[in-house]
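Undergrad: Count along the sequence shown from 1, add 4, and you get the number used in my numbering.
In case anyone wonders, no lab produced these hints; they're calculated from the structure.
Heads up, a few of these hints could be off.
Said to hold, decoys possible - No farther apart than 20 Å at their CA atoms in a straight line, the calculated lysine to aspartate or glutamate pairs in the DMTMM-like style are these: (1) 174 to 101; (2) 121 to 178; (3) 148 to 70; (4) 174 to 136; (5) 121 to 94; (6) 169 to 81.
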Amino acid sequence: MGGSAVPTMPPTNSIVDGNLLGALSSVSVSNPIPSAASSTADPFDLLAGFTAPAAAPVASVTPAAERVVALNSSGIEAHIMVLGGGWSGDTVQLQVEITNNTPVQVQDFAFQAAVTKAFTIELQTPSSTTLEPMGGSVITQVIKITRTSRAQQLRMRTRALYTSKGQQHKIQGEVNRFPGLD
Numbered sequence: 005m006g007g008s009a010v011p012t013m014p015p016t017n018s019i020v021d022g023n024l025l026g027a028l029s030s031v032s033v034s035n036p037i038p039s040a041a042s043s044t045a046d047p048f049d050l051l052a053g054f055t056a057p058a059a060a061p062v063a064s065v066t067p068a069a070e071r072v073v074a075l076n077s078s079g080i081e082a083h084i085m086v087l088g089g090g091w092s093g094d095t096v097q098l099q100v101e102i103t104n105n106t107p108v109q110v111q112d113f114a115f116q117a118a119v120t121k122a123f124t125i126e127l128q129t130p131s132s133t134t135l136e137p138m139g140g141s142v143i144t145q146v147i148k149i150t151r152t153s154r155a156q157q158l159r160m161r162t163r164a165l166y167t168s169k170g171q172q173h174k175i176q177g178e179v180n181r182f183p184g185l186d
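Take the sequences, apply the hints, and build the full model.
TA: As structure tokens, this is what we get:
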């Protein structure tokens, strides 16, 4: 998001290919380009035909329309969506968006995820580690999943660690359905 600072903390990249069940170890959306003014345009429209050039796509990965809940506890919500068109070969990128719906600021926020042995996971550096109260900010984080076997559907366990009012908290969740990867 324009102008937001990237934290200087070390990346929270991790590769987890342990047994997910034993322990916590798409639809492509594009922006249509506006069509040129037709010959039946309003003759009194002095700006007819003057259009701004189409904006170049920000990235080749665009969020899918449907999000699924990855965490929802004590006012902290995390939603995951598939980026781009889903699987590209054996890899896919997801994005998690985390919000704080409590009246208190959250600090030291760390999102963690684990997948079954048929996949590997890499979490990119989050956009922030602080969540402002009442939805005043959003943390985004890209997740790269690589399929090592096509024998299983993608399943994910999620966990978040954070500090609020000086106390540490841990919440957990599970995602068994990823719209766009069906």
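Undergrad: Determine for every hint whether it applies to the structure shown.
TA: Here is how each hint holds up against the structure:
no. : hint       : result
1   : 174 to 101 : 17 Å, holds
2   : 121 to 178 : 16 Å, holds
3   : 148 to 70  : 18 Å, holds
4   : 174 to 136 : 18 Å, holds
5   : 121 to 94  : 14 Å, holds
6   : 169 to 81  : 18 Å, holds
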